[in-house]
Amino acid sequence: MSRIFVTGMGVISAIGHSVAQNRQHLVSGTCGIQRALDLFPTKYAGLLPFGQVRTSTETLVKQLQVTDPGVTRTSLLALHAFNEMLEDAQLSPEDLASPETALAGASTVGGMCLTDELFADANHHTNGSPYTSSYDCASVNMFLQKRYGLKGIINTINTACSSSANSIMYGAMLMRNGFARRAIVGGTDSLAKYTINGFNALHILSREKCTPFDENRNGLNLGEGAAFLLLEKEEDINGKKVYAELTGYCNANDAYHPSSLSDEGDGPYLSMQGALQVAGLTPGQIDFINAHGTGTENNDEVEGRAMLRLFNTAPAFASTKSFTGHTLGAAGAIEAVYSILSLVHQEAYANLRFTKPVPSTGLTPVLAHSPMPVRHVMSNSFGFGGNCSSLIFSKP
Amino acid sequence: MLYIHRTYCISPQQTFGQVDLETIQEPANKRLLAMEPNYEGIPPGVLRRMGRAVRMGVGASLPLIKEGLPIDGIIIGTGKGGMEDCIKFLNQIVQYEEGLLAPGNFVQSTSNAVAAQVGMMTKNKSYNSTHVHRGHAFENALIDAVMQLNQFPGKNFLLGGLDEISDFDYNIEELDGAYKKDPVSNKVLFDVDSAGSIAGEGAAVFLVNDQPADALASIRALHILHSEDEKLVADTFRQFVEKNRNAADTIDFFLSGESGDNRTRKFYTACESALPASTPVARFKHLSGEYCTASAFGLWLACRLVQGMALPAHLLKSPASVSTPQTILLYNNYKGVQHSFMLLRK
Chain A
127 MSRIFVTGMG VISAIGHSVA QNRQHLVSGT CGIQRALDLF PTKYAGLLPF
177 GQVRTSTETL VKQLQVTDPG VTRTSLLALH AFNEMLEDAQ LSPEDLASPE
227 TALAGASTVG GMCLTDELFA DANHHTNGSP YTSSYDCASV NMFLQKRYGL
277 KGIINTINTA CSSSANSIMY GAMLMRNGFA RRAIVGGTDS LAKYTINGFN
327 ALHILSREKC TPFDENRNGL NLGEGAAFLL LEKEEDINGK KVYAELTGYC
377 NANDAYHPSS LSDEGDGPYL SMQGALQVAG LTPGQIDFIN AHGTGTENND
427 EVEGRAMLRL FNTAPAFAST KSFTGHTLGA AGAIEAVYSI LSLVHQEAYA
477 NLRFTKPVPS TGLTPVLAHS PMPVRHVMSN SFGFGGNCSS LIFSKP
Chain B
8 MLYIHRTYCI SPQQTFGQVD LETIQEPANK RLLAMEPNYE GIPPGVLRRM
58 GRAVRMGVGA SLPLIKEGLP IDGIIIGTGK GGMEDCIKFL NQIVQYEEGL
108 LAPGNFVQST SNAVAAQVGM MTKNKSYNST HVHRGHAFEN ALIDAVMQLN
158 QFPGKNFLLG GLDEISDFDY NIEELDGAYK KDPVSNKVLF DVDSAGSIAG
208 EGAAVFLVND QPADALASIR ALHILHSEDE KLVADTFRQF VEKNRNAADT
258 IDFFLSGESG DNRTRKFYTA CESALPASTP VARFKHLSGE YCTASAFGLW
308 LACRLVQGMA LPAHLLKSPA SVSTPQTILL YNNYKGVQHS FMLLRK
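If you read the protein sequences in the order shown, they are chains A and B.
Residue numbering for the first sequence follows our numbering, beginning at 127 and increasing consecutively.
Residue numbering for the second sequence follows our numbering, beginning at 8 and increasing consecutively.
Calculated directly from the structure, the hints in this document are not laboratory data.
Fair warning: there could be bad hints in the mix.
[Claimed, not checked] Here are some chain A residues pointing at chain B (derived, C-beta under 8 Å):
#1 C157
#2 D164
#3 Y170
#4 A171
#5 S224
#6 T241
#7 G254
#8 S259
#9 C263
#10 I283
#11 N303
#12 N323
#13 Y382
#14 G511
Beta carbons: idealized from backbone N, C-alpha and C, even for Gly.
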């Protein structure tokens with residue numbers, strides 16, 4: 127089976143507009159979560175902290191030279207990361223538009239970031255806004271397809287918060303099954319009144335900056351962002367720069383509850399175990415886990431318990447959601463980039479604001495930026511509907 | 008590539024139980040709404056809480072799972088799954104000015120609710136995925152199933168395509184120009200020369216594996232493409248036909264996803280004319296209506312046809328005496344951009 131390598135990356139999040147900026151803030155421990163949401167009017171703007179990308183939608187439109195009407199912030203964030211990935215990988219326009227180049231993206235919010243426009247159009251209060259074909263999750267990749275004349279297989283996956291881990295897996299599968307020679311994989315989501323109110327109704331939004339894996343954690347912070355990675359086969363590398371090898375992936379379901387994980391954490395356990403199997407690795411070979419670690423009472427305890435069950439002694443781990451907030455459908459891809467940065471720079475990033483372990487697990491995450499040998503890194507993404515996925519990246 | 012062993016289809020026509028495609032059910036209020044079964048086996052309390060897309064998806068999946076084979080993965084394609092709950096929740100946000108809201112609609116509004124519910128209700132902890140790429144949502148789910156079977160030979164997967172008409176999505180699509188302005192009977196859908204189609208919905212679910220024994224049909228090849236260029240589409244279609252031409256697979260039936268929208272007719276005409284003139288052509292969107300995953304209905308119909316279902320005359324584009332097709336080429340096109348070619352054989 128052909129080996130699959132990551133040869134290009136792009137990311138935008140609350141801690142930076144590029145891979146380099148994101149790493150700089152991960153190293154310095156600079157959190158991007160603030161109580162300063164100014165994208166749209168909502169009563170939670172001054173009340174709750176969010177991981178907002180500090181560039182307005184209007185500025186993104188100008189910077190990215192987007193002239194088509196009806197392009198949403200979710201698509202703009204995606205385009206920003208997509209462009210960085212393209213430049214980084216030096217992918218030619220011909221290769222980009224080749225029928226052999228697939229795009230597997232992910233989003234859970236799509237055009238629903240335009241909550242007020244959607245409300246007006248859906249309730250027939252208008253004669254049609256410019257956004258009538260932009261509300262679904264597919265609108266992002268339809269936009270990228272059109273902008274770059276992409277001719278390969280295009281897909282959008284929505285498995286809630288594990289969406290872009292699954293799009294990375296799907297892209298790799300397309301390559302291994304002869305449906306694509308290379309695959310652009312990733313995900314995007316922007317902050318929306320919709321998701322803020324949804325997670326608030328579930329009482330899992332923290333009033334303070336989130337504290338993943340801490341005994342007194344009290345919920346997550348929503349964030350936004352996008353990331354894309356280029357996957358290429360070993361035989362196409364020809365001396366190109368290679369960041370990492372995608373060695374393991376697995377998707378499993380917890381099959382327990384629509385919005386929380388089972389006590390035993392069967393879904394997380396099975397996805398981590400399955401990824402190890404695909405990679406042909408033993409638990410002891412994982413040096414670091416970029417945990418899902420949302421900061422909710424349910425997730426962090428169950429994830430910790432599942433790690434102990436599989437690894438006996440948990441490897442070094444941390445949640446970078448303490449920097450970015452939970453970026454939902456983008457999280458799997460953004461954290462894949464962070465996991466790869468850990469491999470490239472042989473370092474682990476801190477789990478910010480942790481003070482005391484959860485009593486039932488006693489687990490303490492990495493507390494400060496730490497240089498360390500990293501050969502294999504696992505990245506976890508778990509979502510509503512029990513959708514759990516784990517990826518493993520290895521040093522090439 | 009993959010073998011289809013069982014199917015269940017909920018659609019605007021009588022497609023479950025005693026299947027009857029001779030009688031055409033007509034639209035109400037410009038919508039071809041699905042005829043739903045009694046959903047035996049789903050507790051009434053659970054059923055009441057389900058949105059329509061979830062209800063149809065779960066309702067079409069459970070009968071296939073109950074029939075005995077272990078299921079090693081659930082793969083769903085839906086373009087708009089969860090939209091109704093999404094707007095219901097949105098309306099709550101506006102109505103209660105972001106006050107204390109009930110989270111039920113929010114949780115059901117994520118597109119993965121169907122695959123998740125099926126997984127939960129059947130305690131299925133295996134592979135579980137939801138593809139939402141609009142007019143290619145079902146096609147990507149199908150590709151996913153093919154790839155899973157390559158990786159895990161001998162396993163069984165549940166593959167489904169489903170979408171619902173919700174009032175809200177209907178409004179948005181109407182504003183977007185997806186539907187004909189004046190009410191039209193589906194019996195004359197292909198005779199009216201105007202823009203737009205007719206809104207439809209449904210859930211078609213398939214039990215698939217890599218075992219040829221006793222299969223209803225097999226998917227031999229699949230190609231998908233985004234393009235607004237009819238020449239590129241026709242060329243790609245020709246290449247697809249050429250590539251899959253062999254003694255065993257003489258295409259003897261063309262199933263067209265023509266939707267009555269005069270803006271997309273040129274693509275269907277171009278592909279149709281790439282096949283020998285003697286190839287019978289049948290259409291199905293007057294039965295299903297148009298929606299993101301209508302190709303799943305098309306695939307269900309193709310399975311029936313290769314199984315020897317008597318062919319209702321209204322399916323045929325031009326009158327012909329047709330014997331049971333052996334190899335069907337299904338071409339679908341969503342909104343003039345998303346094209347799919349599927350080759351199916353008995």
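Structure-based check of all given hints:
| no. | hint | verdict |
| --- | --- | --- |
| 1 | C157 | violated, 26 Å |
| 2 | D164 | violated, 16 Å |
| 3 | Y170 | holds, 7 Å |
| 4 | A171 | violated, 10 Å |
| 5 | S224 | violated, 13 Å |
| 6 | T241 | holds, 6 Å |
| 7 | G254 | holds, 4 Å |
| 8 | S259 | holds, 5 Å |
| 9 | C263 | holds, 5 Å |
| 10 | I283 | holds, 6 Å |
| 11 | N303 | holds, 5 Å |
| 12 | N323 | holds, 5 Å |
| 13 | Y382 | holds, 7 Å |
| 14 | G511 | holds, 3 Å |
Hints 1, 2, 4, 5 from the list above are not met by this structure, while the remaining hints are.
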